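Visitor: One line per chain: the protein sequences are R and E, in this order. No gaps in the numbering here: position 259 of the first sequence is 259 in my numbering, and each next residue is one more. Count along the second sequence from 1, then add 1000; that gives the number in my numbering.
In case anyone wonders, no lab produced these hints; they're calculated from the structure. In this text the structure is predicted, and so the values were computed from the model without any measurement. Treat the hints with care, since some could be wrong.
[Said to hold, decoys possible] In silico contact screen, one side only, chain E against chain R (beta carbon under 7 Å); selected entries:
hint : residue
1    : Ala-1101
2    : His-1130
3    : Asn-1136
4    : Ser-1160
From the three backbone atoms N, C-alpha and C, an ideal C-beta is built for every residue, glycine too.
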Amino acid sequence: MTPPAREAYRDLLVKLMADDPRLYCLDSDTGLFAGVDFGVAAGRYVNLGIAEHNLMGVAAGLAASGKIPFVNTMATFATTRALESLKVDIAYGGLPVRIAATHSGLSAGHLGPTHHALEDLAIMRALPGFTVVTPADATAAEEAVAQSVDLPGPVYLRLGRKATPPLEAGPTVLGRVQRLRDGADLTLLACGPHPVLACLRAADLLAAGGVEVTVVNVHTLKPLDVEAIVAACAGVPAVITVEEHWRTGGLGGAVAETLSEHAPTRVARIGMPDTFAKVVGGQEHLLEHYGITGEHIAATALSLLGGTPDDPDLSRV
Amino acid sequence: MSVPASTTDEPAPNEPAPVQVTDRIREHIVAMCAGPEGGHLGGSMSLVEILTTLYFDVLRVDPADPGAADRDILILSKGHGAIGLYAVLAERGFFPVEELATYGRPGSRLMGHPVRMVPGVEVATGSLGHGLPLANGFALADRDRRCFVIVGDGELQEGSVWEAAMSTAGLGLDNVTVVVDRNGLQITGRTEDTVPLEPLADRWRAFGWAVREVDGHSEAELRAALTAGVPGRPLVVIARTVKGNGLPSVQGRVESHYARLGERQFARAMAVLRARARRRSS
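Just chain E, same shape as in the assembly (with noise of 0.2 Å):
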């Protein structure tokens, strides 16, 4: 089975996208993370079915109209998954594969962390606790559209996501959705030995939210959750990922966090991604 191609004619198909998409999609991260300056490889690896799923099966978007008034918001509050988004974007046709090559390079529009100057991306992010707050705001300035946002598990240690979390609710925001990518872990290892999230669905329902526990990592079950809201109260989906999934080497480990690497180290992640695709599809 081939890959079809992205086209621009067909915003939001209704087909669950094709496993060769994510296969790609990872081969794209690790290939910019053997570009001069590297990149977050473990956060955008675990991010790949949570976005593949909003942008072939749940958004409302289209690529060859990216600012179109009737779209959905997708705010990737943490930000250093960049390289993930910057991945799905061209593969949905928001701007040409060829171009995820410049990344982190000088003349780019791809840097670290997304700037609204790339296709489809609609507010610059990177600094932790921004995105639930914006999204309310696109939330309330049209309530017939729905707003998305995804954020890392380490990013719930930040006090703005309560703020906002507090005001969705209050709001009646029920076309805010919140992604959490509950991989586990951040830079200094555990969350649960950093700062303890856990009883995360506990705490989102004590703040007045619906909340969906899915295995991040299956585009079905995260189709099933972000398309069952329940009316008056926005949705969290607590998608438990693994942190640099599709990498055995590194998968689950907080060294999989940021990565520059090497030509032999590339050559064999390409490896094991190929493989793992090949069985996949057999």
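Looking at chain R on its own, in the form it has when it is part of the complex (with noise of 0.2 Å):
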């Protein structure tokens, strides 16, 4: 195990911002940076409460002031309670705010529907100017941070709460899809690292019964591939997207959207059903629930290739 994202990140910007006083670090209360030491770049440090209205519009107005503003909340916050100010402030003002946006998908588990952030990608996508990422882990979040400082736009990164494997997928270009496995009978899209891993793990029970796919990691969903992502569908009668989101607006979306206007391929979208967690559980746990696993992702990729009976977990997707 890595340290979990939201923590490789922080180590990141402390560092960073020692060296670079245009960058500072608001916070919302979280409790990611209990006892850290800026050092010299404490100043650049600010606390603003549980206020995120507030905690917007200061980003917004330090970054019309020539600032890189690290703004720290949960997803849902960040997007939901928050969203006018991204909107107005920081999207429609063009600004280089960068939101650190932890506790993404089912990332907050058992503490419930109030903490998932499960629209989060659907809104973001729609903000013009954004650049919307979700590292796989934290060495792609580490690598996403380093590059989002200079971008003259707003970066929303989407973060978890806990550890995650590392994944073995090279270096994490803003805006590039990772290409992670070749197969010629049907594409997994995924983003996030759970989605990810699944996918992964499907290729290999696919393969073991004679099924290759290909898996792309589209950690950036905005600006996305489109060129790497329908050269990625090209030819295969099917593509499956998996995410830790709902399914409406997020990588689902997108993939379907762009593939219907340049190579229509028919597209399955694995990802958390039109609900609320009705159950309760860590993330694992609810990941298993409602079928984001390899397991359900190849019974779907067998059942779209007509191999075997549908998957009786289906309907539920």
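Since each chain comes alone in its own frame, lean on the hints to assemble the complex.
Guide: In structure tokens form, the structure reads like this:
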């Protein structure tokens, strides 16, 4: 296990702040920075308390003054509570605010639907000018942070909560998909640590049965790497998207829109069904319960290929 | 006495703005309300002395270099006062007065709420409750410059204002000043009949702010209040104003909120304003 991506992000941010006086760290009482020594940058760490509208407005005001603020809150508070500020103050202003949104997807686990963020990709993808990134592991989070610093516009960095296994994926370059595996029978596209890992597991399961699939990590949902996605889906009878997000408007929506326009292909979307989590449990339990697993992806793939009977659980999704 | 032309080589004259400037600004506002789209008449007329005092007497700004690093910041959080702001910016020399005639028309920079493409406008406003959070950020970025936010009194019903007000005081941002355009009215009626704001001064004091209360149509009172801050504390100036001020037929009435003036209404309003200007200069 590598450290949680949010801790890797934090540690890199603290290092970057020491050398770059433009960088600010705006906290909203998250606790992520407890005990952190910012050294020479101590004056640029500001805990603004539990007040997300003010948080985003302060970030916009700093960014309009030539600073580069990193804003810290949970994904659901950033994108639903403070949405109007993201839209009007940050996106419309085209300002270089970086939003580090933790506890995304189902990663808040047993904390429940008030803390789950299953709508954030749909929202952020709709706002003009935002770069929207879901790193698949801690290293990818560091690479995304480093590359985000000098982007001219705003960035939404979708982070989880707990540690996830490292991914053998090569360097992360914002705006470019990572092709993790090649296969001619079907294409799997995913974003986020658990969905990407589930796709790799599904690929292993399918390979054992002689089915070879391509696996693509779409860490940057916006701007979308349209050319690479169309290329990765060329010639296959169907593609499957997998995300820790409601099935509406996120990766599945983006891929379906893209393929409809450029290369019509059947798209099956795996993600959280159209419901709030109705069971109690940790992130892994919820992912399992709602079918965001390698087994379910593999069964869906076989069903799409007409090879085996339908997954009995397929009706859920 | 003639109106001095706006110049760009005197960024912050220390003389009070001649009364004629406020008269002309009111005429510009009325003219914009007679355009094809109409405009927020009442809340722009109530702002005239506040904006004029700030732009001609208080703010460190250079119309020739609106983005100058050492400028003060002004945010019109009540963005529906846009036509008042445009009129003052034009008179102060940020763009030609003639451009006001394009307001609301296709191709113009001047829309119903201010946006950053207008010289002198720092941030887009219009949705209420955004200005003070933004000002906190501007003020945090450079504690040596003053940041002014003009809020409407109805706007104080937005929770984000109070989130931000707590934060301003908590961060000790004494370079932030809020001016409340206390005209007492919102779209449906009196603020006090909608969601009461009083005791307004006490509320701000309880949030850690220094409070001054003035006649919002007196440039002398505004100037004195805006330049008398308290070290360590942000300042709020509650400016008692009259919505639609200058036009007796609409002033103090909720109907003044938005107006599209027909030809006869426009002519009558201009006549009233000019008679008032003559009375004041004689």
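Visitor: Next step is simple, just say for each hint if it's right about the structure.
Guide: Going through the hints against the structure:
no.	hint	verdict
1	Ala-1101	violated (26 Å)
2	His-1130	holds (6 Å)
3	Asn-1136	holds (5 Å)
4	Ser-1160	holds (4 Å)
Consistency note: the structure conflicts with earlier hint 1 alone.
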